[in-house]
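Please take these sequences and the hints and turn them into a complete structure.
Quick mapping for you: the protein sequence lines, in order, are chains A and B. Residue 1 is where the first sequence starts when you use my numbering, and the numbers rise one by one after that. Residue 1 is where the second sequence starts when you use my numbering, and the numbers rise one by one after that.
Just so you know, not all the hints are guaranteed correct.
As the list claims (entries may be wrong) - Which chain A residues face chain B? A few, computed with CB under 8 Å, are given here:
no.	residue
1	2
2	13
3	94
Please keep in mind that the hints were generated in silico from the structure rather than gathered at the bench. Just so it is clear, CB atoms sit at the ideal spot from N, CA and C, and this is done for glycine as well.
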Amino acid sequence: MQIVWQEDAPATVKDVLAQLHREKPLAYTTVMTVLDNLHRKGHLTRRRRGRAYEYSAARSREAHHARLMNEALDESADRSGTLLKFVGQMSPEELADLRRMLETGESSREPETR
Amino acid sequence: MNPGLIAPLLITYAGCAGVLGHRLLTSARWTSRAPGLAVVLWQAIGTSMLLATAAAGLALALPAELLVHGVADFLNACLHTLRERSSTTAGALTVSAGLLLTMSVLARAAWGVASELLRARRCRGRQLADLRIACRRDDLMNAYVLDDKRTLAYCLPGRHRAVVITTAARTALTSSELTAVLQHERAHLRWRHDLVLSSAAGLRRAFPFLPALASAERACRALVEMMADDGAARRSGRRTVASALLRMASGDSPPFALAANGDGSAQRVYRMLDSPARLGVVRRTGTGLVAAALVLGPLAATATPALAAASGHCAFL
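As structure tokens, then:
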């Protein structure tokens, strides 16, 4: 997918293969199968150009990433524990207070917990 | 002890365990000092309530003396007793009520947990497939990179596992903070926190009318974050984890607005900066024993009349 997005123009199996070949040697049939699978899953659209197909991305990379971000930030994903975010939200007051504590090296907030 | 008392006693116990356990644990201060132990205790409470109710049903349907016989005779004895007791209307009702209680409670719990596990697995599988297609994978960090101006890091735990981090987060964090974040996420994966959360969520889904189970799920969610913080702090240091948390929570360029109120995340930073003393050996062992007692207790209660009958049996022999 990265290559198809990079090209920004319809690409044939040969085009993709040429790009990938720089990184690792792959068979023509392998690349063809992968592109075909991506097409079947709806990530690529294709058009016949002569004897070969030309593949284009169905959705832009930005759209994909935006959707993934939305899913990750979605409240229900958070509540249901499907994914575990590193940290949630803090109020401006909390942030200010904690930053100050971190900078001054203060280590005790509630003395009674010690 | 009158065997007729066992069932109502067990049900009362289940209720008390729920109410008391929930109240004690929710207000306990020591849980942030030993989050792993707290998780075990929460799960023990839920399990205890479940086992006690199931055992109550069994106690209603079958007299415990049956447990004295060998396994081979057990089924015969059960059927015989059931037929015998069912010969009177009162007996039949008691038997059916008891069996129904046990079976429905256990089945419901199993359904809750299983459906939770399946749902989570399906969601995560789909997300991982999307990630694989759309994102670059950074081999050094062993994580997928999401292109976004907002700082975000998360993990997909369980079978379809992954760690994801945004480009903004990677630039904003210092290298030691980045390591801490990745260590935190990896701790979730390593210690299978998805199983902890799925079982808590599953029990809650099965019995949504029990506030103790809702508290348990909420508490476990916060506690596993503390456990992962501890895991990262062990290697990167508490201050690094604290500053990583702050940097990630600050978000980044608009439209990521700061929340008016925090959601409890600040407590984690306070905890990292506070460095509370670890719970002493005595308290830790004691708590562990309480958890064990909670789970084994209901089972023992059903078995005691059998043991008494067995000793009577032996004395006779």
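Checked hints:
Using the Cβ-Cβ criterion of 8 Å, the hint placing residue 2/A at the interface with chain B is satisfied: the shortest such distance is roughly 7 Å. Evaluation of the residue 13/A hint against chain B yields a violated restraint, the C-beta minimum of about 18 Å exceeding 8 Å. The criterion of a C-beta within 8 Å of any C-beta in chain B is met by residue 94/A, whose closest approach is roughly 4 Å, and the hint holds.
In this structure, only the earlier hint numbered 2 is contradicted, and the remaining ones agree with it.
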